[in-house]
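Residue numbers (numbering that gives the first Met the number 0), protein chains in the order written: chain G, 0 to 87; chain F, 0 to 87.
Calculated from the structure, these hints are not laboratory results.
Bear in mind the structure is a predicted one, so any value in this text is a computation, not a measurement.
Hints should not be assumed to be uniformly reliable.
No distinction is drawn between identical chains; accordingly, a pair holds when it is met within one copy or between any pair of copies.
Taking lysine-lysine pairs in the DSS-like style, the calculated list, with each CA pair at most 25 angstroms apart, reads [said to hold, decoys possible]:
| hint | residue 1 | residue 2 |
| --- | --- | --- |
| 1 | Lys22 | Lys11 |
| 2 | Lys18 | Lys78 |
| 3 | Lys11 | Lys78 |
2 protein chains.
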Amino acid sequence: MFVILVYDAGAKRVQKFHKICRKYLNWVQLSVFEGELTEVQLERLLAELREVMNSEEDSVIVYGFRTRRYFVRRVIGRKKDDPDRRFW
Amino acid sequence: MFVILVYDAGAKRVQKFHKICRKYLNWVQLSVFEGELTEVQLERLLAELREVMNSEEDSVIVYGFRTRRYFVRRVIGRKKDDPDRRFW
Chain G
0 MFVILVYDAG AKRVQKFHKI CRKYLNWVQL SVFEGELTEV QLERLLAELR
50 EVMNSEEDSV IVYGFRTRRY FVRRVIGRKK DDPDRRFW
Chain F
0 MFVILVYDAG AKRVQKFHKI CRKYLNWVQL SVFEGELTEV QLERLLAELR
50 EVMNSEEDSV IVYGFRTRRY FVRRVIGRKK DDPDRRFW
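Let the sequences and hints guide you as you build the complete structure.
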């Protein structure tokens with residue numbers, strides 16, 4: 000399943016979110032990750048995020064797609080982010 | 000076409016990005032919008048963004064899906080954002 004994950008986390012937790020997501024997905028923008036995951040991997044990722052998140056303040060949205068056949072991806076402006084550019 | 004749009008814009012431009020995107024799509028998270036658009040509407044949205052963006056600094060990624068049949072959307076943590084909560 001192709002997954003797009005976006006999060007909005009409190010400043011104190013954003014680094015933890017980033018590290019967890021990077022274990023499973025490709026970092027494509029500030030708090031946006033994408034990549035192929037199995038259902039089991041997705042559940043593991045979400046379980047790890049639940050452990051560090053404050054569910055009153057933080058928000059995670061996951062979009063999952065069984066096929067990429069009907070899928071278009073376009074980037075305008077700055078391409079891939081420089082992974083070393085600090086965001087926190 | 001169902002569209003997910005994410006952007007990473009410089010602090011001086013983020014309010015303009017937000018206002019433009021809100022004309023076309025639903026705001027679901029910090030710099031994440033989603034909704035149904037025709038191809039013409041999507042091109043118009045991207046043209047407006049190009050006018051205000053600094054393509055060296057800012058980045059917009061658009062995911063487009065012809066069908067939502069193979070589509071799963073999950074939210075964990077804080078649900079829909081409070082539209083009046085200031086982000087800039």
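Results of checking the hints against the structure:
1. Lys22 / Lys11: within (19 angstroms within a copy, 32 angstroms between copies)
2. Lys18 / Lys78: both (21 angstroms within a copy, 23 angstroms between copies)
3. Lys11 / Lys78: between (27 angstroms within a copy, 20 angstroms between copies)
Comparing the model with each earlier hint shows no violations; every hint is respected.
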